[in-house]
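Working from the sequences, and respecting the hints, build out all of it.
Listed here are the chains, written in short residue letters.
There are 2 protein chains.
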Amino acid sequence: MLFRQLFDPETSTYTYLIADTSDKEAILIDPVLEQVERDLKLLNELGLNLRYCLETHIHADHITGTGKLREITGCQGIVPQNAQAACADRFLKDGEVLQLGEIPIEAIATPGHTDSHMAYLVNGKQILTGDSLLIRGCGRTDFQGGDAGILYDSVTQRLFTLTDDTLVYPAHDYRGQTVSTIKEEKQFNPRFTGSDRSSFIQLMASLDLANPKKIAEAVPANQQCGKVSATI
Amino acid sequence: MLFRQLFDPETSTYTYLIADTSDKEAILIDPVLEQVERDLKLLNELGLNLRYCLETHIHADHITGTGKLREITGCQGIVPQNAQAACADRFLKDGEVLQLGEIPIEAIATPGHTDSHMAYLVNGKQILTGDSLLIRGCGRTDFQGGDAGILYDSVTQRLFTLTDDTLVYPAHDYRGQTVSTIKEEKQFNPRFTGSDRSSFIQLMASLDLANPKKIAEAVPANQQCGKVSATI
Chain W
1 MLFRQLFDPE
11 TSTYTYLIAD
21 TSDKEAILID
31 PVLEQVERDL
41 KLLNELGLNL
51 RYCLETHIHA
61 DHITGTGKLR
71 EITGCQGIVP
81 QNAQAACADR
91 FLKDGEVLQL
101 GEIPIEAIAT
111 PGHTDSHMAY
121 LVNGKQILTG
131 DSLLIRGCGR
141 TDFQGGDAGI
151 LYDSVTQRLF
161 TLTDDTLVYP
171 AHDYRGQTVS
181 TIKEEKQFNP
191 RFTGSDRSSF
201 IQLMASLDLA
211 NPKKIAEAVP
221 ANQQCGKVSA
231 TI
Chain Y
1001 MLFRQLFDPE
1011 TSTYTYLIAD
1021 TSDKEAILID
1031 PVLEQVERDL
1041 KLLNELGLNL
1051 RYCLETHIHA
1061 DHITGTGKLR
1071 EITGCQGIVP
1081 QNAQAACADR
1091 FLKDGEVLQL
1101 GEIPIEAIAT
1111 PGHTDSHMAY
1121 LVNGKQILTG
1131 DSLLIRGCGR
1141 TDFQGGDAGI
1151 LYDSVTQRLF
1161 TLTDDTLVYP
1171 AHDYRGQTVS
1181 TIKEEKQFNP
1191 RFTGSDRSSF
1201 IQLMASLDLA
1211 NPKKIAEAVP
1221 ANQQCGKVSA
1231 TI
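In the order they appear, the protein sequences are chains W and Y.
Letter 177 of the first sequence, counting from 1, is numbered 177 in the numbering used here, and no numbers are missing.
Each position in the second sequence, counted from 1, maps to that position plus 1000 in the numbering used here.
Hints in this document: simulated from the structure, not taken from any laboratory.
These figures come from a predicted structure and were not determined experimentally.
Be aware that a few hints might be false.
[What the hints assert, rightly or not] Derived, one-sided and incomplete: chain Y residues facing chain W with beta-carbon distance under 10 Å:
1) R1004
2) Q1005
3) F1007
4) D1008
5) P1009
6) V1032
7) L1046
8) N1049
9) R1175
10) T1178
11) Q1187
[To be verified] In silico DSSO-like pairs for lysine-lysine, Cα to Cα no more than 27 Å straight-line:
12) W:K183 with Y:K1041
13) Y:K1125 with W:K183
14) W:K183 with Y:K1024
15) W:K214 with W:K41
16) Y:K1186 with W:K125
17) Y:K1024 with W:K186
18) Y:K1093 with Y:K1024
19) W:K186 with W:K125
20) W:K41 with Y:K1125
21) W:K213 with W:K227
22) Y:K1041 with Y:K1227
23) W:K24 with Y:K1186
[Said to hold, decoys possible] Chain W residues, not near chain Y, derived (Cβ > 12 Å throughout):
24) D39
25) I103
26) R197
Note that CB positions come from ideal geometry on N, CA and C, so glycine has one too.
Put into structure tokens, the structure is as follows:
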């Protein structure tokens, strides 16, 4: 298996490239529009065939690269069940396994940051958590059907029940951290340690964050798999 | 073994935390002053004992965190042989192995970006290349005793002779790339593919890069292991 973490500095987004090195099938998880050229070049150099682009959720902070990558490569665009993205080729439901060559990628419903959100367990060992669980943090819950109580349940009942040594790879990091483990997050994530469900809800309600810079264009574009309107 | 890649967004610097998880001994390679608090917190959370801070070279773009980390933890500050840093506790020469618990870290002289520069081969499998070989690029050679011909030799005769599957972890990346392999860099690094030694020297001479923003403070500070003068 090839596993590459790629970073978009403008939005602090991590994209993940995973490939079965025997049959050369590849997937990109949470690709970013502005990085499509970089990602295609890397796929090409490594001799990989992009089979899927997979989203953890409908992003509000960046436009997905899926639409452009699908146009160029013919890959399938896949989103979580119930995501508002009729343009997708396939919708994954909780527990469903996407097979990439020999590599199983299991969808784990983790709503709360948005109402349709999946984490993906790769090979039973690495969990791509999207914007649900971040390293020593978590995604915000104040738009797109976000719900702090539901996020608390997703993290504590779904992600924190994975084995302690599962590697945690989030969709964002703002402090230069690249990876963690379930054990570490259970012990040291300040959003979840020492706070019960109701105090977590209170904390999330008090954050008073500014909207992401690109939300007005990103959400509608991502509901069309990254199609950017002609006026932009 | 624990292996963590950490990023400083301001200077696009990668710091590496490596630890022997059985005896809890840890090393930081190329720590950044502004990230000392983050790194200490992580060491503390993971229950690690910082034994060494190791530099690939005297940096011009950021101030090392070594001095501050040494003050706080009592760790040893280690630099390449001939580095202008009399403050260091130890100097590594080409081929010397620094032992971290069960993990061997072998110094490989790779001058050219600066006149004293080492890459470090961790466990025979991961090469921390500093500013010699970058992912699809290389360090500049126009100050601090830099020499393009010598860098060409370091990369092609020392690094490119490592096994193809050696993972390449550089000290910087500006395009969101986190890791590569020796095989990939031999095949796809535009600075070294299809260019012989003399055309590489010509190319490096033509780059005409602006000085790093922090060079005036970083170099003298790093020659004192990261001690920042009272006037700054």
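Review point. Are the Cα positions of Y:K1186 and W:K125 separated by 27 Å at most?
Key: violated, 30 Å
Exercise for review: Given the hint that Y:K1125 pairs with W:K183, test it: the Cα-Cα distance must not exceed 27 Å.
Suggested key: holds, 26 Å
Exercise for review: Beyond 12 Å from every chain Y Cβ: check whether that's true for W:D39.
Suggested key: violated, 10 Å
Point to revise | Y:L1046 as an interface hint toward chain W, with CB separation required under 10 Å | key: holds, 7 Å
Exercise for review: Hold the hint about Y:F1007 up to the distance rule: shortest CB distance to chain W must be less than 10 Å.
Suggested key: Given a least distance of 4 Å, the restraint on Y:F1007 holds.
Point to revise | Hinted contact Y:V1032 with chain W - closest CB pair below 10 Å | key: Because about 9 Å separates Y:V1032 from the closest Cβ in chain W, which is inside the 10 Å limit, the hint holds.
Point to revise | Given pair status - W:K41, W:K214, alpha carbons within 27 Å | key: holds, 26 Å
Exercise for review: With chain W as the partner, please determine if Y:Q1187 meets the hint condition of a C-beta pair closer than 10 Å.
Suggested key: holds, 7 Å
Check your understanding: Regarding the hint that Y:P1009 lies at the interface with chain W, is the smallest CB-CB distance below 10 Å?
Key -> holds, 6 Å
Check your understanding: Hey, does the Y:D1008 contact hint survive, CB to chain W under 10 Å?
Key -> For Y:D1008, the interface hint holds, since the closest Cβ of chain W sits about 6 Å away, which is under 10 Å.
Check your understanding: Does Y:K1227 lie within 27 Å of Y:K1041 when you go C-alpha to C-alpha?
Key -> Holds, at about 21 Å.
Review point. Is it true that the CA of W:K24 sits at most 27 Å from the CA of Y:K1186?
Key: Holds, because 20 Å separates the two Cα atoms, which is no more than 27 Å.
Comparing the model with each numbered hint stated earlier shows that hints 8, 16 and 24 do not hold.
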